[in-house]
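K.L.:
Take a look at the letters that make up each chain.
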Amino acid sequence: MTDKELHISKIENGTVIDHIKAGQCLNVLALLGIDGSDEESVSVVMNFSSSTVGSKDIVKIQNRELNQDELDVLSLISPNVTINIISNYEVSLKHRVQRPEYVVGVLNCPNRNCITNAKEPIESKFNVKDEVISCEYCGTHIEDVTQHLS
Amino acid sequence: MRECLITTKGLSREEIVEVLDHAEEIEKNPTAHYGSQSGKIIGLLFYEPSTRTRMSFEAAIKRLGGDSISMGPVENSSVAKGETLADTVRVVAGYVDAIVLRHPKEGAAKMASGFIDVPLINAGDGAGQHPTQTLLDLYTIRKSAKLDGLNIGVMGDLKYGRTVHSLAHAITKFDSQLNFISPKGLQLPDNVKYDLEKSGTEIYEYTELDDILSTLDILYVTRIQRERFPDEEEYRKVSGQYRINKKTLENAPKHLKIMHPLPRMEEISPEIDETKHAIYIEQAHNGVAVRMALLDLMLKS
Chain L
1 MTDKELHISK IENGTVIDHI KAGQCLNVLA LLGIDGSDEE SVSVVMNFSS STVGSKDIVK
61 IQNRELNQDE LDVLSLISPN VTINIISNYE VSLKHRVQRP EYVVGVLNCP NRNCITNAKE
121 PIESKFNVKD EVISCEYCGT HIEDVTQHLS
Chain S
1 MRECLITTKG LSREEIVEVL DHAEEIEKNP TAHYGSQSGK IIGLLFYEPS TRTRMSFEAA
61 IKRLGGDSIS MGPVENSSVA KGETLADTVR VVAGYVDAIV LRHPKEGAAK MASGFIDVPL
121 INAGDGAGQH PTQTLLDLYT IRKSAKLDGL NIGVMGDLKY GRTVHSLAHA ITKFDSQLNF
181 ISPKGLQLPD NVKYDLEKSG TEIYEYTELD DILSTLDILY VTRIQRERFP DEEEYRKVSG
241 QYRINKKTLE NAPKHLKIMH PLPRMEEISP EIDETKHAIY IEQAHNGVAV RMALLDLMLK
301 S
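Protein chains in written order, with this note's numbering: chain L, 1 to 150; chain S, 1 to 301.
Bound conformation, chain L alone (with noise of 0.2 angstroms):
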């Protein structure tokens, strides 16, 4: 067994979700709501070495197919990942994640008096189709996406 393959065997049936920035797959898994508190079995690779892309992180999800709604939160950290969903170990669905318009129950938002932050039967909503990610309730602007993940 080389050290490749220790590092990304391959999984059965799932999603791989490949070309991750370096750096950002732990990020990922909060994004898409991943915590390990559920069944699916998870594997991380960090800083694996492409000779594409030079360093990038992988993340592999055993026994879950992620829909498409779920992968395009992802272009939010990390525009170039490619997903691959997995059936009988082979490769049976490649594509690119695509920025949606608007992202709901994925990131708080920072403004405390944002109505989105008070005891209301609301997710957060948040635009994210302009070059600048705002806050669908109060307008609030927010840079650095990985700062406030719910």
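These are calculated hints, taken from the structure and not from any lab test. All of these numbers come straight from a predicted model, not from anything done at the bench. Beta carbons are placed, not taken as given, at the ideal position from N, Cα and C, and that holds for glycine. Careful: at least some of the hints might be erroneous.
[What the hints assert, rightly or not] Restraint-style ranges between C-beta atoms, simulated for each label pair:
1) 90/S - 146/L: 31 to 39 angstroms
2) 49/S - 96/L: 51 to 59 angstroms
3) 49/S - 37/L: 42 to 50 angstroms
4) 49/S - 23/L: 43 to 51 angstroms
5) 96/L - 282/S: 23 to 31 angstroms
6) 41/S - 44/L: 57 to 65 angstroms
7) 49/S - 33/L: 35 to 43 angstroms
8) 41/S - 37/L: 43 to 51 angstroms
9) 102/L - 77/S: 27 to 35 angstroms
10) 29/S - 33/L: 44 to 52 angstroms
11) 38/L - 198/S: 34 to 42 angstroms
12) 102/L - 70/S: 30 to 38 angstroms
[Stated by the list, open to error] Derived DMTMM-like pairs: lysine to aspartate or glutamate, alpha-carbon spacing no greater than 20 angstroms straight-line:
13) 129/L - 18/S
14) 119/L - 83/S
15) 146/S - 24/S
16) 28/S - 18/S
17) 198/S - 130/L
18) 146/S - 18/S
19) 9/S - 131/L
20) 81/S - 120/L
With chain L held as given, fit chain S onto it using these hints.
P.N.:
Structure of chain S alone, referenced to chain L:
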């Protein structure tokens, strides 16, 4: 007319002018509009104190032949038991034809409008927006001059002043210049500046009124609130620099009009009240005609 009025950001020039024109009609011939909303009831949900906004909405709906019901003070309502805003508006929406909401949290009106099917008017959401104040401000400006080709100064607490945020967005729909005068730390928030710049508006910022006063047609003064400062001394120092009295206005153009959303504390000396510059009391009076126009248009649609 749109179903809800949450912010001035998305209002078009045409929509603004439609309200102002209707307010003008109402002011010219008020009896012609009495009874036009007979039988309609608006619900007033005020989670924060209010005099002008609340009373002028009440006067407006009554002059249109309708009526209002009110939640009353927060401490006497189910809010005191911990009821969410979402639940309160859903319940009240079943009693009324429209809701007028004032709430201390930014974004409250937008959230509330998502839970109900009746029109909702934002009467102030924290440091966010106060769009009906802006409509009456614009009506007042138009009555005293016009809405295009003006040099407008906005002075005071621009960071937390919701009337300022709403006015600034609305003025971008007209061909007038905006100048912002405030102490450092109370300047226009970045997100408001971003929106203004994105709409093609150039922003001019000053810390001294004297640097711009002689060129202004309108000076819109807002209150600098004590609670925005860490200590009394700092507040006194800063608020003292932004006070208008006869001496301050020595170099002001004769035609300069001074506005204020009220209540004022010490930022405009009473000695200004009797000068031709002062139009803030008239401005507050205009709230009834403008809110009549708005309710009439919204309830009709």
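K.L.:
Are residue 96/L and residue 282/S spaced within 23 to 31 angstroms by their CB atoms?
P.N.:
At roughly 60 angstroms between Cβ atoms, residue 282/S and residue 96/L fall outside 23 to 31 angstroms, so the hint is violated.
K.L.:
Starting from the hint 43 to 51 angstroms, judge whether the C-beta atoms of residue 49/S and residue 23/L obey it.
P.N.:
holds, 50 angstroms
K.L.:
Would the pair residue 9/S and residue 131/L pass a check requiring their Cα atoms to be no farther apart than 20 angstroms?
P.N.:
Distance of about 18 angstroms is within 20 angstroms: holds.
K.L.:
Should the hint that residue 41/S and residue 37/L are 43 to 51 angstroms apart at their CB atoms be regarded as holding?
P.N.:
For residue 41/S and residue 37/L the Cβ distance comes to about 49 angstroms; the hint holds.
K.L.:
When you check the alpha-carbon spacing of residue 198/S and residue 130/L, does it fall within 20 angstroms?
P.N.:
Holds, at about 11 angstroms.
K.L.:
Within a Cα-Cα threshold of 20 angstroms, do residue 119/L and residue 83/S meet the stated pairing?
P.N.:
holds, 9 angstroms
K.L.:
Need the status of pair residue 28/S, residue 18/S: alpha-carbon distance at most 20 angstroms?
P.N.:
Holds: residue 28/S and residue 18/S sit about 15 angstroms apart, inside 20 angstroms.
K.L.:
Take a quick look at whether residue 146/S and residue 18/S sit within 20 angstroms of each other, Cα to Cα.
P.N.:
holds, 15 angstroms
K.L.:
Holds or violated: residue 129/L with residue 18/S, Cα cutoff 20 angstroms?
P.N.:
Distance ~31 angstroms between residue 129/L and residue 18/S Cα, so the pair is violated.
K.L.:
Return holds or violated for the Cβ distance of residue 102/L and residue 77/S against the range 27 to 35 angstroms.
P.N.:
holds, 33 angstroms
K.L.:
Given the range 44 to 52 angstroms, decide if the beta-carbon distance of residue 29/S to residue 33/L lies inside it.
P.N.:
violated, 60 angstroms
K.L.:
If I claimed the Cβ atoms of residue 49/S and residue 33/L lie 35 to 43 angstroms apart, would that claim hold in this structure?
P.N.:
This hint holds: roughly 41 angstroms between Cβ atoms.
Violated hints, in rising order: 5, 10 and 13; the structure is consistent with all others.
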